[in-house]
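Residue strings, one per chain:
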Amino acid sequence: MTILTADLVPSSRRFDRRWSIPVVLVAWWLVWRFGFGTHNLPNGGPTFIQDWFLRIRNAADAGRDSSPLFIYFFNPIAKTTGSVISSMMSLTTNLGWTGITGIASAISLWVAGWRHGLLTAVGFISFGVLGLEAESMQTLVQIIVAVFLSLLIGIPLGVWAGVSNGFSRVVTPVLDIMQILPTFAYLPLITLFFLIGPASGTIATMIYAIPPAIRLTAAGIREVSTATVEASESLGATKWQRLTDVQLPMAKRTIVLGVNQTMMAALSMITIAALIAAPGLGASVISALIKLDVGAAFNAGLAIVCMAIVFDRVTTAASVRTERASRAGGAASQRTRLLRYGAGIGLIALGVILPGINRSLATFPDRWVHGTRNPVNSVANWTQLHWYGATSWLTTTVTHWLIDPLQSLLSNTPWPVVVLGLALLAYFVGGLRPAIVTAGCLMGAILMGLWPSSMTTLASVLIGALFTMIIGIGFGVWLGRSRMADQLIRPILDAGQVMPPFVYLVPCLALFGATRFTGIVAALVYASPAVIKIVAEGIRSVPANTTESAISSGSNSWQTIVKVQLPMARGMLLVALNQGIIFVLAMVVVGGLVGAGGLGFDVVNGFAQSVFAGTGLAAGLAIVFLGIMLDRITQSAGRSRRTTD
Amino acid sequence: MRRMASLRAAALLACTGVLLAACAGTSNTAASTPATSSSAKPCGTVNIADNPWVGYEADVAVVSYLLKTKLGCTVNISKIDEQVSWQGFGTGQVDVILENWGHADLVTKYITTQKVAQDFGSQGNQGIIGWYVPAWMATKYPDITNWQNLNKYSSLFVTSESGGKGQLLDGDPSYVTNDAALITGLKLNYKVVVGGSEAALIKSLQTATQQTKALLFYFYEPQWALANLKVARVTLPPYTAGCDANPKSMACDYPPYPLNKVVRVAWANSGSPAVNLVQNFKWTNDDQNKVAEMIANENMTDDQAAQKWVDANPTVWKAWFAGTGLTP
Amino acid sequence: MNVEPEPAISVRGLWKVFGPHPERIVGSPEAELSRADLREQTGCTAAVRDVNFDVAPGEVFVVMGLSGSGKSTLVRCLTRLVEPTAGQITFEGEDIVAADQARLRELRRHRFSMVFQHFGLLPHRKVIDNVAYGLEVRGMNKADRHARAHEVVELVGLQGYEQAYPDQLSGGMQQRVGLARALAVDPDLLFFDEPFSALDPLIRRGMQDEVLRLHHEVKKTMIFITHDLSEALKLGDRILIMRDGAAVQLGRPDELVGAPADDYVADFTRDVPKSHVLTLRWIARPPVVGEPLDGPELPATTIIRDAIRDVMHATAPVKVMSNGQLLGLVDHEDVLRVIAGEPQPVSV
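Protein chains in written order, with our numbering: chain A, 1 to 645; chain H, 1 to 328; chain E, 1 to 348.
Simulated from the structure, these hints should not be mistaken for lab results.
Among the hints, a few may not be true.
[To be verified] Here are the simulated lysine-lysine pairs, DSS-like style, with alpha carbons at most 27 Å apart:
(1) H:K191 x H:K140
(2) A:K252 x E:K142
(3) A:K239 x E:K219
(4) A:K79 x H:K115
(5) E:K234 x E:K142
(6) E:K142 x A:K239
(7) A:K252 x E:K220
(8) H:K282 x H:K165
(9) H:K230 x H:K165
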């Protein structure tokens, strides 16, 4: 991959460097060839960090009844969150499905318009149709609470990070850790601090959902045009006036996008939260998973997808409307606005009154329920029966030709050579800083005492990222060039992004067995949609006149793609690569559940056995190190490219 | 603009009002009425951990069904992992674990050291851990079920993960395993590959059965999946006390695991009749497999499956009520 | 006694260096390095280096230079939107560099205001609220500030657009809003940072005329940044030319064109039609022996272009007079030579 990105650079300053990357690789290969298997670190080399984590965990466990930290801090938080959630849950039960649907549709109608009001109504009714009305409501309540609290914390911190470079520097690595550290690694700890149940689920969710709120708020504040900020400053505005008059109003749209991302992040956590007794759709997925019931898992996953699509579309539309409304002063006329408000109130009143008239209307009518369990199970069984030959051939081939060689290169070369080699590659791709970060992160993995696991995982992640890019570019180009393809495929991509991985874990196992490749396939399902979207966006952003001029000079489609569109979209391609790696990395733990071994298994093991809790946390941190390393390398590749343009 | 803003505020107010009305009007109806029959002591609330495998779910289904319907208990079921369940003894959120597979470390921490939990005796199931092959292999290679012949067949079990050796597939890391030490001790040309989850094991077994593929795997009973999938157990050298002392190398089978119940000390002393029932709860692998099979394969809810089993096996569960003050 | 009035703003030894530890550069030998060398050796960039000038009250003072010459940084230093690294800035006797944040805000609210290249309008506010923003920041109540804003809106010719949003206006109109916002606070000193360079040439010319008209009406001191020489010549009473952060030449338009300080300035001004800028003073020559001295008289400050008719119609060379003294003569050929763009012998 490093070779691939370097080849994209035709600039003269980089020309001589182009050879340096193959040279490093060849040298590395030679060391591997002749120094095979020597100077390797075993798993559990230095284990003092793992032991230390375990001691902390045990101290927390022992001290939770006596420590004032628990009595005055953690316990009240857990209790308050828990009681808020349970009272909201009883409220949803009392409102009945009509009440909830009415309220949700009315809110969408107000913030996003007629079409999205309708979409919300359809989405909420679909929960009942799938036979998961109660579970969906439980999930909805937890998501609302988690998102509300995340925004309450995230937006002010984001504003701070937006106006203060110092704070931004401090908070960025913390956010990286919050986003990359696998939830599995700290889930037992959370229940230790915040007790078992929805409160812990909410807090686990918040850890993952706050970062996008902070990041996007900060980005929104920072991208406010300097001219406007300067203008307000030149008129003698105080910092507070600048913030409230200029920065916040102008960042509103990006902040609403942050709300969107926070919601999506929260939704992606619900199956994991179910492992610590958070009720709802996640619990349905887990319960289906242990029975290997693909259909039931898919059914619950579909409800999650519906909820995600409603959230996503409504907040996106709301963000566009905020922008439009703030710029044109509200294009809609008084009459249509009045109509909208009236209709919303009507919807709510209807929804709430119906179950009041007849209590039986509060529950979703049974004869409207049409779950997807049985048809999905039939399809899954048929696929498993008939595709297995092809898929097992694919597993063997990819493992033999790609995974094994790369893993051997990483695992069986003396570790100092691996550190040096990767740091050199980082240097030639992005410069000194990423090289230092790379070396530092690898030393971190060594410090965690998990070198072999880290190398196994790194190999899988690199190959996963490679496949993700191949799929991403293939489909992305197609979608970027064809509106129709885009409209056809996009809903599937949306579904792929929010469908909980536990849903497709069993089908993946069925087709590919308990192997490292299965972990990669699961990662592909999860990471490809985002990558495809980014690539398509990149292709679409190539100016039409450039493409036209290529076509008018006689390029065929292939030439246009390869010589014009892809090179011009290379900035976006690098973003796609970066995101692809991060997404693949997020699936390392899921890989640990299907035979991929490595750090993922260490994390799962730490979750399962308390003696390995320290190791699990250390493995989680090792994943963070790999993540930061790969992120900084790909980001710097993007930057150094831009400066040479 | 201002007019619209106040309109919006009015709308929100109206909604809140409606919501509150809805809330106040119906919140009382949600409370359930227990179906207590006779003179039993009040039961109160029982918090049962529900660990993520179907056999355990069967335990919970039957016990909670009886607690709810016969003793009028309020039962909270937490779907959590084993480690988290034990933590619950400390936080007071878990009263009962119905099926404990060993966990010496957790026993030390919570029973011996913190003294928040206590062993509540066998629940009747025997955990049988061992090495298995799908039934078709035992038919085709009759001598494969003896460990001494495993090396002869190792080439059958080579996979992309096993590096040229035969693969021995392990599952969920929370289960006890000595497999790596066994391979060393028995000098087998095999490698342990960790599937990472029970799902990985069962799915591999399904595939191996359906596609007649070779598979050697670590497995255990009671196990609902065995209702549909036929397997043969590989005989290992018999277990003798202390033969598994060396964690690096051993050459004997797993001992049978008597599965036990673990409860929170404070709850055990609460005097609730539920304590007696849990203490008396005892059934066979066969019982559990039956209920688990109904839950997993017949798409019954836990309560439906429990009810069906309860109706069919009154002699088994009636004995559990000794000491509760209730004779059903 | 000093006849010069006290300068509105006075700048002495002003430096702005970007980079690590910028203060060590000023006064060190490294300060003498060229910009590229300085960057290579210290990682610092000197955006403004040792600039000195005074601006008289009511004057239009233009700072001109190519992009990267430091002119925008210079003007930001004057209001401390950018903190100067070293030097003195005195505004009506007050040391601006020493002012604390509160005093600075006070000055910005009441004494200075600025017009920006990219307008810097608030897209979520109507024109009237954009114009009134400076007054709002001061804490003026809504009725008063809207009344004042209406006056200024009218002054810049935006009446009828008060309720529009910036995005609904053309670039030229948006800059009128920017101008109105700056005028609304009734400042003593107006800064313009390349205000018209984002506009179309035709609109740009209109806006320049607008500034001249406003200057005539409100008599404000203005400091005007531009990279466009013709704009500088048109607007400036005096012009400061900057290159690589340093002042190259300071003078009246005719001084720059007539007597460029170095090749850089000469290169800059080469394409300027000299007859439009230079006065007769620049081409008056001593009489040649035997030349008739009975031609018509013209003052030395007459721009050549305006004298062409007289010179051409006169039968004898025109006498160039300054304070009643004969400065020299100008005949047909002298004028034609200027128009033909030939190099001029520099007099004075």
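Structure-based check of each hint:
Taken as a hint, the K191 (chain H) and K140 (chain H) pair is honoured in the structure, with Cα atoms around 23 Å apart against an allowance of 27 Å. The straight-line distance between the Cα atoms of K252 (chain A) and K142 (chain E) is roughly 25 Å, inside the 27 Å bound, and the hint therefore holds. For the hint linking K239 (chain A) to K219 (chain E), the alpha-carbon distance of about 32 Å lies beyond 27 Å, and the restraint is violated. For a cut-off of 27 Å, the pair hint linking K79 (chain A) to K115 (chain H) stands: about 25 Å separates their Cα positions.
Pair hint K234 (chain E) plus K142 (chain E) does not hold up; C-alpha atoms about 38 Å apart against a cutoff of 27 Å. Taken as a hint, the K142 (chain E) and K239 (chain A) pair is honoured in the structure, with Cα atoms around 21 Å apart against an allowance of 27 Å. Annotation: proposed proximity of K252 (chain A) to K220 (chain E) is violated, straight-line Cα distance about 38 Å (limit 27 Å). The hinted pair formed by K282 (chain H) and K165 (chain H) fails the criterion: a straight-line CA distance of about 42 Å is larger than 27 Å.
For the hint pairing K230 (chain H) with K165 (chain H), the CA-to-CA distance comes to about 25 Å; that is within 27 Å, so the pair holds.
Hints 3, 5, 7, 8 from the earlier list are contradicted by this structure; the remaining hints agree with it.
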